[in-house]
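Given chain A, work out where chain B should sit, using these hints.
In case you want the letters, here they are:
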Amino acid sequence: MAEKLRLLWQFVRRLSGDDAYERYLKHYATHHHSDNSPPLGKKAYFKHRMEAKWSGINRCC
Amino acid sequence: MEQLRFTPFLIPMNKSFTIPLLWLLVAITGAAAVGGIALNRGESINALWFIIAALCCYALAYRFYAAWIASTVLMVDETRATPAERLENGHDFIPTDRWVVFGHHFAAIAGPGPLVGPTLAAQFGFLPGTLWILVGAVLGGCVQDMVTLFFSTRRNGKSLGQMARDELGIIGGVAALIGTFTIMVILIAVLGLVVVNAMKHSPWATFTVSATLPIAMLVGIYMRHLRPGQVLEASTVGVLLLLVAVAGGGWVDGNPIRAWFDMDGLSLAWCIMAYGLAAAVMPVWLLLAPRDYLSTFMKLGTISLLAIAIVCLHPDIKMPAITPFIDGSGPIFGGKLFPFVFITIACGAISGFHSLVASGTTPKLLANERDIRMIGYGAMLLESFVAIMAMIAATVLDPGVFFAINSPAGMVGAEAAQAVAKITAWGFPVSVGQMQLLAQQMGEATLFARTGGAPSLAVGMASIFGSVFGESLLALWYHFAIMFEAIFILTTLDAGTRVGRFMLQDMLGNIWPKMADTSWTPSVLITSTVVVACWGYFLYIGVIDPNGGVNILWPLFGIANQMLAAIALCVATGILVKSGRLSYAWITAAPLTWLIIVTGTAAYEKLTSPDLRVGFFAAAHDLSEKLAAGLLPAAKAAIAPQLIFNLYLDAYLTLFFVTVLLLVVLDMLKVSVNSLLGRPVQPLSEVAHTPNHMTEQQLAQWGRD
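First to last, the sequence lines map onto chains A and B.
The numbering used here puts the first sequence at residues 1 to 61.
The numbering used here puts the second sequence at residues 1001 to 1705.
There is no bait here: all hints are sound.
Here are the simulated DSSO-like cross-link-like pairs (lysine-lysine), alpha carbons at most 30 Å apart as the crow flies:
id, chain 1, residue 1, chain 2, residue 2
1, B, K1336, B, K1626
2, A, K42, A, K4
3, A, K47, B, K1514
4, B, K1422, B, K1636
5, B, K1626, B, K1636
6, A, K53, B, K1514
Non-contacting residues of chain A with respect to chain B, defined by C-beta distances greater than 10 Å in every case (computed):
id, residue
7, M1
8, A2
9, E3
10, K4
11, L5
12, R6
13, L8
14, N36
15, P38
Everything labelled a hint here was simulated from the structure, so no lab data went into it.
In this text, a Cβ means the ideal position worked out from N, Cα and C, and glycines have one as well.
This is chain A alone, in the form it adopts within the complex (with noise of 0.2 Å):
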């Protein structure tokens, strides 16, 4: 039962994106250990989501 909490929790994080930040870290982890600069701050991080989700047509009727 307590599994199956924190499975639904953990659907939910993922789908509202409350998780993204972990999950970039993570990515960024797997995929740019290599590269110079650092992951990007929690802040930046999100500011950088939301001018990428806004630049677009992203809603209609």
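Positioned in the frame of chain A, the structure of chain B alone reads:
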């Protein structure tokens, strides 16, 4: 170019007979439910049948039709690297978990459209709208979304306009661009009108909707500065505050300060224009982004709650299957069942706007092509389900009440007794006392002539929620539903104004490059003002028009939106033919043909019908003659010149839409015929196959099971 045919993951081989049997059961149940709805006459039918019919249709279509399109027609290839993998750059191309993409895509395509359209179309009875929502989505809307997403993914996430230009030619590209801008303007105007009509002389609604602005800003500051990225935390705070605002509106309504929030339509329209301008210039993080989060959570929460409530309560549908208004005499909007039901319900069945999202952000996020069916087809099915809910909420009301709320004063008369007598004479009995009691229960001064669909949907939702969760809270539920709709509409309004601004800046940038700088304040101010002025004009006319404005604007929006869908389907059909898949091209050519017939007929009627409530020219001539003969009352004579101008403008706009559509269709036919005859055509712009390097383990990291 090598194309792998890959089916096993879509159609799992199953040796046992239980699974086919289960699907057979789903098919029989679905057929029984649809048949029950369609053939039922005279006796009341339960709302549960609508849900069952919809779910069975969706399940079958997703499992068989969508899977077949993905595997056989599109040849979705899971071994092919997606643009997100090949071009990954950390900001716009990012391989993303399919559930997250699904969430983004659904949030982007689902606005207030599927709530408003079915409510208006309920004037024909529950049957025509419901069947169109089901059939239109399964064979039209979902297919359009899925193939556009697929073709855009194969072209590095190119936009519909670019694809139209590359695959068909310059006409298609320009048509898509201009079409998008015009639709945006009309869409925002009509949505603005819906909010104005919901808030008109309602201090409670006006207070609650105004309170959503500071709440969204608070959430924005929280997410940006206080606790960056704590989406769930901030959204929970925001949703709780929104609920407080709904209750607070009730307090304001019973307090002398209610006068501040008691506004007429025109003042509200000016407020919305001022707001639209402010919101377009403000930074996104402060208002738009946080409100988008809130509206998405609200939508998912409220729709799930509505589904649960309908299942628990299983209310009877009170609207007849088909009303006499199919002859075109309907009070909500003029025009016969064909073609106007197909124009009125665009979002929820097929919406051209979706092709812009499906060829914008979404294809840049896909981690694997096999997600295309779930995201393209699946998200549209969910939107269609929202439309079914709206249809149920509208048709559980007493038809008399439904028509009393939705008929404009210009149609039934401004006096309550007059309106009630007229609606009862149509065969939908309703009394002044009944309407007064209802208005009192909902905490409103009056519910007569609250056109636009939002108030009647809110009454329907409130009565469903009220029966399940407590009758005493009716007024709270009503204003909750109004707030729920307003929050979407305002989000669409801001986002649309911003998109319009970007498009305009882009176009002006061709003349004076400096204008294309999206962070140059003078350019931002000028283009935002122009966009707001465009939709503000239609909103203003809609508010002063005694026939309710919705009657004119909504069909215009429907025609424009279906035209964009037809452009998207033209692009898809052209690509299918060019890539040697002529025998499968009917999957997009069939809905395209239907849309050409529907939009063509609707536009023809809008231009030539002698019915004053349908034909733009007829109405303009009639009004001019009456004005010249001095037959109009003083108040109407004062606005008549503006109304006449607007009727001509709408007529030419309709003519323009049809011309654009015909040009694109001819372009597509020319390209297809040339391709079939082996003559040179624009080459396919599909990006060459690159093998997918993501291992199963990496894919699992993006949330695959």
